[in-house]
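> Sequence:
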Amino acid sequence: MPFALNQIDAELATIDRELLRRSIRSVDTPCGTEIQIGGKLLLAFCSNDYLGLANHPKLIAALSEGARRFGTGSGASHLISGHHAIHDELEAKLASTQAGAIPNARALFFSTGYLANISAITALSLIGKSKTSIYSAALNHASLIDGIRLAKAQTSIEVHVFNHHHLAELEEVLSHDTAPNKLIVTDGVFSMDGDLAPVQELLRLANQYDALLMIDDAHGFGVLGKHGYGILEDQMICSDRIIYIGTLGKAAGLNGAFVCAHEKIIAWLIQKARPYIYSTASSPALAFAVLRSVSLIEGELGQELRARLHSNIALWKEGSTFIRWNRLKSDTAIQPIVVGSNATALQLARALDQLGYWIPAIRQPTVPKDMARLRMTLSAAHTKEQILELCKVLSDLETSLPK
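Per the numbering used here, the sequence shown runs over residues 421 to 823.
Calculated directly from the structure, the hints in this document are not laboratory data.
Being a predicted model, the structure only gives us computed values, none of them experimental.
One thing to keep in mind: the hints can contain errors.
DSS-like, lysine-lysine: derived pairs with alpha carbons at most 30 angstroms apart [stated by the list, open to error]:
| # | residue 1 | residue 2 |
| --- | --- | --- |
| 1 | K549 | K684 |
| 2 | K646 | K551 |
| 3 | K692 | K513 |
| 4 | K737 | K812 |
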């Protein structure tokens with residue numbers, strides 16, 4: 421047997437002993453609050469479909485219409501022949517969502533948020549052909565971390581990790597940084613804790629120390645702000661220093677992502693972002709459907725769904741109380757319950773599964789050691805009855821499960 425296969429066996433055994441093996445569960449039904457897995461019906465509190473749009477009839481119709489009008493595939497990368505007129509229309513619409521926050525805004529459409537983050541960070545680290553410093557929030561998503569690792573591999577950069585709850589340390593390092601190109605990178609909504617980045621304070625530091633500020637608003641676009649335009653609208657931010665990443669596979673109910681920034685930055689990405697340059701463009705049918713989704717988000721339906729979601733969040737926070745477990749402070753749809761050990765998290769997830777609930781256990785390296793949790797998420801599609809019943813079920817399990 422090849423060395424690699426023997427080594428994989430040994431390392432997988434270690435993963436099993438540490439209760440860290442990941443597994444895939446195949447869903448038989450469309451995305452929704454009620455899903456079926458292997459013939460078993462479960463109530464899902466784990467999806468990022470925050471507005472319940474992933475199976476909305478208007479988006480199903482839009483995707484079908486887009487395929488009839490534009491076909492199924494793009495055929496090539498954006499810079500060869502894969503960029504269609506509907507991509508232009510979508511990018512103009514996406515840029516308009518951030519126009520109040522970013523002067524001379526332009527947007528670039530990507531296949532995934534992971535690709536958008538890697539593209540932006542690696543390209544921005546090449547500005548000026550001089551030393552670059554990147555400041556990364558400690559709880560940033562893996563795609564941001566991987567983008568920084570790639571940037572470090574391709575050019576000379578210095579990386580600083582900061583705690584977004586204690587920005588005095590960040591300011592201290594910035595105040596002594598002589599690098600001409602500085603980039604602060606943060607999630608907008610932290611995906612495992614659910615809290616918001618202090619964007620206004622980070623922008624103050626970016627202004628004071630001449631840095632760019634990149635915000636991955638994967639869990640904010642569609643949810644935050646009066647029109648659902650995200651954290652910049654919500655916190656009334658405006659600056660040409662901002663690079664905004666919006667994800668379209670969560671609240672928007674489809675797939676893809678976009679980078680929005682000053683038009684000069686987008687022009688730079690088109691020249692230097694290798695993942696963008698060398699990837700096949702997303703389907704024009706998808707672009708057409710995303711365009712419809714953005715219209716729903718900013719319209720009456722979006723207003724109604726956001727109000728319903730915020731009502732559900734308030735109901736959950738009022739109805740859920742724990743003694744041993746720690747419900748993290750969050751005003752967003754992400755409502756984590758930290759239980760401690762991997763064994764406890766897995767035991768709790770299995771017990772919930774048996775009772776008809778799907779809330780997966782999240783363990784290291786996604787979260788720190790001994791901070792294993794249920795990453796519970798709420799949707800506008802959940803009913804009050806479902807939320808209150810879950811509160812009761814979790815309270816009973818906390819009492820009945822062994823410590």
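> Which numbered hints are broken by the structure, listed smallest first?
2
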